[in-house]
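Just need the whole structure built from these sequences, with the hints factored in.
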Amino acid sequence: MTAVAQNLAEALEQDSVESHLHPQGSFDLEDHAVPSGLEEIWRFTPLKRLRGLHQDAPFADGAVKVETELADGVVVEALPVDSPYRGLSGLVPTDRVSARAWAAATGATLVRVPAEAVVDGATVLRHHGTGSEIASAGHIVIVAEKFSKATVVLAFDGTATVADNIEIVLEDGADLTVVSLQDWADDAVHHSTQHARIGRDATLKHVAVSFGGDVVRHDATAEYAGPGGSVEMLGMYFADEGQHIEHRLFVDHNAPKTSSNVVYKGALQGEGSHAVWIGNVLIRKVAEGIETYEENRNLVLTDGCQADSVPNLEIETGEIEGAGHASATGRFDDNQLFYLRSRGVPEDEARRLVVHGFFNDLIRKINVPELEAKLVETVEAELAKNVLKAFASADAPAEQG
Amino acid sequence: MSKLEIKDLKVSVETEDGPKEILKGVTLSIGDGETHAIMGPNGSGKSTLAYSVAGHPKYTITEGSVLLDGEDVLAMSVDERARAGLFLAMQYPVEVPGVSVSNFLRTAKTAIDGEAPKLRTWVKEVNGALDRMTLDPSFSQRSVNEGFSGGEKKRHEMAQLDLLDPKVAILDETDSGLDIDALKIVSEGINHFRAREGKGVLLITHYTRILRYVQPDVVHVFVDGRVAESGGAELAEELEANGYDRFVKAAASA
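Sequences listed follow chains A and B, in order. Here the first sequence is numbered in this note's numbering, starting from 289 and rising by one per residue. Here the second sequence is numbered in this note's numbering, starting from 3 and rising by one per residue.
Bear in mind the hints are in silico, worked out from the structure with no lab data behind them. Here the structure is a predicted model, which means the values were calculated and not measured. For glycine and all other residues, C-beta sits at the position ideal for the given N, C-alpha and C. Honestly, I wouldn't trust all of these hints.
As the list claims (entries may be wrong) - What follows is a list of derived Cβ distance ranges for each label pair:
| no. | chain 1 | residue 1 | chain 2 | residue 2 | range |
| --- | --- | --- | --- | --- | --- |
| 1 | A | N655 | B | E239 | 57 to 63 Å |
| 2 | A | L376 | B | K120 | 55 to 61 Å |
| 3 | A | E660 | B | I63 | 44 to 50 Å |
| 4 | B | A77 | A | R414 | 51 to 57 Å |
| 5 | A | E660 | B | E148 | 20 to 26 Å |
| 6 | B | I63 | A | R619 | 23 to 29 Å |
| 7 | A | R619 | B | A197 | 41 to 47 Å |
| 8 | A | D474 | B | K22 | 33 to 39 Å |
| 9 | A | G361 | B | R122 | 38 to 44 Å |
| 10 | A | K662 | B | P59 | 32 to 38 Å |
Claimed, not checked - Simulated coverage check for chain B against chain A, where a stretch passes if three residues somewhere in it have a Cβ under 8 Å from a Cβ of chain A:
| no. | stretch |
| --- | --- |
| 11 | 46 to 60 |
| 12 | 73 to 83 |
Printed below as a string of structure tokens:
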């Protein structure tokens, strides 16, 4: 073996990481056994409530209607099932639901931001579920070409049983914001696999907002196609009575000088509400000079809630700028309430302030003007369900100026 | 008019070994326009007195009464007490992430007055109050107490005192942890409030230093959950010279 070939072989070997953070994917359904629930990646998920998405539930088209609000300069088109755009992000299914959705999809939707286009306003793909009996398989490919800048919102409401694959491709120097807004009705089931490949010096802001649905499970993963890329992954969720909301994140630092910043915040209320957050980060040997930080915070508003929060960091090189994570789950801070009330603020108003405050800086970071009012309103509506209910008979709160 | 009357107040807290009595019968009365200083060693129950009167849920009142202008304070909730005219400046003000000072002040003012303040004059008032405490107007965009220095927290408390304009202010070690410049600013804040008609102040402190800037009408020495002795400003001078030893020994042999 020549020296060059040997170096190459070693480099390749170093790049292959055996890790549960990074399972080998496959398009072949045969490679994905029906999960039992004991597997690491399934242990938090209530499989019985997935309506067979993880088994063999049949898929059909038609249950989800899509309306598109196109921002000037963005192109949306339907792709045939054999389009080379499918798989462009490097997505290879790592679980059975994703593999099934891939196999069942009869085509895909392409959202393309042409090279150097700087687009004002958001392009919104509004998905409206019209029934949950028949499962739907979705596939969307979002491509931000070189040096383009745009915001794409995938919004979901109504009721449905959906498994989808969302691919996000950022070419060199692109600046893209993708929001996935799960505003489902109470009985929807949504399993989403979202994979991003971030080009050299490109910047992705990925935002997941989950309010509705019976079971919402999201896998969002990011890898880099070159040095200098950065990803910010922001998440906001509100798990109500009986609701299971699971966000699984994986950032694969496979290129030097890349950065990732993950912040997920959620509130839980009501018996049996369950939030799961898994934050995986892998820093490969080659990924020198990278910087990563991940954070998850849960605010527990009532008894009977469960929040699982698991950050994992696997580091193969010490030559990095920084790597850290934080996770905290807590109840209302009595001292915060006391402080506000000692200034005359009634208890319900004090609770409202604390919860809005908890989400405020995140909403600011999300910074999508089209969404901001909606997010604040939804927090208010969620609060009305439980936190303020107990005070309904108390004095009417003072009007906010 | 403002009169705060505390009569034979007994307060206990839950501990692992059952309830522990901290206040063992406190009686004091702050008349219209008076400033009282409470001085005492660590652990004497000074802060417990402040928090009990403000209604912190950690403390259980077992006996006694607290009246503000004849109204039963102990029957009120925490926020009702504030709306009735009580203000507690805390030794360790609490962080409320994501809630701006500006939003916080407006919400509190609205709650206390029962109506939203007029926008135009309010902004001016807030900026004036911040300016008196040498806080920049941009301060109002920061989250309540988050990342504030010790001095900023105390000056923020005094700005609230100024704006919320209670009848009686209880200041729990507002002077602790301040350098001399910050102490002077905070003292000016207290004096600015005291200059208003009929305001009562209960100034709780560990040190006599602040009493050079805020002259009290009455000084109470607080030892072992009780007022051990009351007097004029000369009592503070004695404490300055001789410390608490005389009072602690007397309490121990009692």
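Now the hints, each set against the structure:
N655 of chain A and E239 of chain B have their C-beta atoms about 59 Å apart, which keeps the hinted 57 to 63 Å range intact. Between L376 of chain A and K120 of chain B the beta carbons are some 58 Å apart, a value that agrees with the proposed interval 55 to 61 Å. The hinted window of 44 to 50 Å between E660 of chain A and I63 of chain B holds, with their beta carbons roughly 45 Å apart. Here the CB-CB span from A77 of chain B to R414 of chain A is close to 54 Å, well matched to the stated 51 to 57 Å.
Look at E660 of chain A against E148 of chain B: about 21 Å separates their beta carbons, and that is inside 20 to 26 Å. Checked against the hint of 23 to 29 Å, the C-beta distance between I63 of chain B and R619 of chain A comes to roughly 25 Å, which is consistent with it. Between R619 of chain A and A197 of chain B the Cβ separation comes to about 42 Å, which falls inside the hinted range of 41 to 47 Å. Take D474 of chain A and K22 of chain B: their Cβ atoms lie about 48 Å apart, and the range 33 to 39 Å is violated.
Look at G361 of chain A against R122 of chain B: about 43 Å separates their beta carbons, and that is inside 38 to 44 Å. Roughly 36 Å separates the CB atoms of K662 of chain A and P59 of chain B, a value that falls within the hinted 32 to 38 Å. Given as covered by chain A, the stretch 46 to 60 of chain B passes the check, having 4 residues with a CB less than 8 Å from a CB of that chain where 3 are the minimum. Remark: the stretch 73 to 83 of chain B is confirmed as covered by chain A, as 4 of its residues place a Cβ nearer than 8 Å to a Cβ of that chain, reaching the required three.
In this structure, only the earlier hint numbered 8 is contradicted, and the remaining ones agree with it.
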